[in-house]
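Residue numbers (this note's numbering), protein chains in the order written: chain A, 52 to 280; chain B, 1326 to 1781.
FYI, nobody ran anything at the bench for these hints, they're computed from the structure. Each hint should be verified, as a subset may be incorrect.
Incomplete in silico selection of chain B near chain A, CB under 8 Å [as the list claims (entries may be wrong)]:
| hint | residue |
| --- | --- |
| 1 | R1341 |
| 2 | S1475 |
| 3 | R1479 |
| 4 | E1588 |
| 5 | Q1634 |
| 6 | F1638 |
| 7 | E1657 |
| 8 | Q1677 |
| 9 | G1708 |
Just so we're clear, the structure is a prediction, and the values are computed from it rather than from any experiment. The beta carbon of each residue, even a glycine, is placed where N, CA and C say it ideally should be.
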Amino acid sequence: MSAKILVVEDDETTADYIVGGLEQNGFVVDRALNGRDGLFHATDGKYAAIVLDRMLPGMDGLSVLSAIRAAGIQTPVIVLSALGAIDERVKGLNAGSDDYLTKPFAFSELLARIEALQRRGPATAQSVKTRLSCADLHMDLLTRRVERGGSRVDLQPREFRLLEMLLRNQGKVVTRTMMLEEVWDYHFDPGTNVIDVHISRLRKKIDEGSDPPLLHTVRGAGYMLSERA
Amino acid sequence: MNRLIRRVVPFSAPVRAAVLSIAFSLLISVPVLLFVYHQTDNLFEQRIRSGIDDRERDLLFGYRSGRIPGLVGEIEEEIDTGTVRNGAVLLADKSGRKIAGNVEGWPEELRAGEDWIEMPLYPVRSSQSVPYALRTVQLPSGYKLLLGTSVEDREHMRASLVEALVGALLLAIPLGLVAGFILLRVTERQASAVGKVAARIAAGDFTHRLDEQAEGEEFALIASAINRMLERIEELVEQLRLVTDSLAHDLRSPLTRMRANIESAANYASAEPEQYALEAISTDIDRLLRMISATLEIGRAEAGVGREQFSEFNLAELLGDICEMYQPVVEERGLSIVVEGEEDLAYFGNRQLIGRALANLADNALNYGAAGGAITLSCVDRGEEVELVVSDRGTGIPADLRADAVRKYRRLEPARTTEGSGLGLALVRAVARLHGGEIILEDNAPGLKVRMVLRR
């Protein structure tokens, strides 16, 4: 069964881009061209996630979001906006969105975030997990112990959190900005690609001397932890 | 008028007020005292003159009725009855020898026939001279008569008038100082009210207004004019924000589509050279978009946007985060990065923006400070201010180029070979200013030291 996504976007080219990409990746997509239609769809149908543009004719994106939340609908919402300034992002998150993505974005970034949000789904089921694994890589969240193939891997606290994030999203792409936001709590793009170097250190620690490699670079998108290459 | 006063008394308004107030009290009290002095003096003289007139009449009456013996009798009676307690009387012969009276002898320099002359005399049994007003009469027989009244009282009066004058002066000075002080307080209060609001505005917070009712009427005039001006400024800033936001939307949307199309084109492109070309375009678009967003962010920080996201956080921790974030990439380039200074420094501000500013500085240090050595991040608590310092051991920036370095789109090497938008330091400055501070570029001998001063 394929998940249903609602895309509320007034710019047709951008909407085509998003909808086309999502459909290619196996989603069923409903689209709305303005805030009122978007709100109507959101309150009506059951969606796995809603992609909501911030600047919409008729009814502003944040107003739509507030109305959706006021109606008691907890569907995950990603707000899309050209207003990339950090404070605007916080406004969006405060209004009840689950994620905030600044235009322009690579489709892979949006896709990764939609998948991450879906997986978050019923939050309670995941939060009791104390052990994460991928192939012979194991992470104990209570003792904060990480093992690869039975031998212990020493990680810095930040590397631990990076690996935890990758493990929770295993098999899915995790983008650099997602890491920066979740692991460092920064919502800006540092000019130098600092994340790549952190990842290569982490890769050295968990993959060097072990087979198969688990941490993969997904070209033009981000990184993925997976058994399969 | 004001300009004239300023030229004469070239001090601050309160000092001017004090000096003017003192001058005014003197201007009023001195003529009044002089007038009183003159009037009293006249009155005094008239009284003395009429007293002498009376005595002259009596004595001459005695002379007319009994010649010299009659006059002597009158004189002695005058002395005996004490009617001339403060008076001097003398009858002398042609050579000036005393015949009767209470003065020892005729003063040599004194002519007979004076109507009013003042001179000191030695009364009988007195070694002290006393000022007298004298009248001298030439009697037909060659005898000379001297009549006088002590004017010591008038001297006393003069002295007390001078004392009054000094007293008025002494009173005028503290009164003037009090007036000046009161004015000083009022002026200070008004100036600081305006100053506070102005500082807030300068820091980008346009919502503040002066209380028009707080002070007197003349202040209300200034306050309402300033408030009207502030409303206008706020309106303009708001417009600017709307325009830039719309521009951001309008510029970025086509760029997003362009990037999307290039992405899919790259997917369809089979040959590697095509893929590389498309990737290069994609990279350039990304750079363009980063520049747009940095420009917008600088504009927004300069307009004071982001203030509503202020919260309390630990600056030392933030420095640690940035250090930790950059450590791998710094080490990869053979440099090192360390944190120094306070271990705990609470600050109320925009964590994201300050973090971004620090990341920009760390980036700069990494890209331009590549000559080697350590990049140092530190924070200092200065009470009213906190200071974040990022220094490197690179080539630095020559002193005459430092001011240029913080301007938008200025990059120091003309060829623009190094990647970067030229917006890094401009953003850092905008963030510092949003927090009521500034950035200062210094020589780290060698290298560059950027001090980011933030107000608490």
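How the hints compare with the structure:
1. R1341: violated (48 Å)
2. S1475: Nearest chain A Cβ about 94 Å off; hint violated.
3. R1479: violated (87 Å)
4. E1588: holds (7 Å)
5. Q1634: The hint holds - Q1634 of chain B has a Cβ within 8 Å of chain A, the shortest such distance being about 5 Å.
6. F1638: violated (10 Å)
7. E1657: Since the shortest Cβ distance to chain A is 6 Å, the answer is holds.
8. Q1677: Result: holds, 4 Å to nearest chain A Cβ.
9. G1708: Result: violated, 28 Å to nearest chain A Cβ.
When held up to the earlier numbered hints, the structure conflicts with 1, 2, 3, 6 and 9 and fits the remainder.
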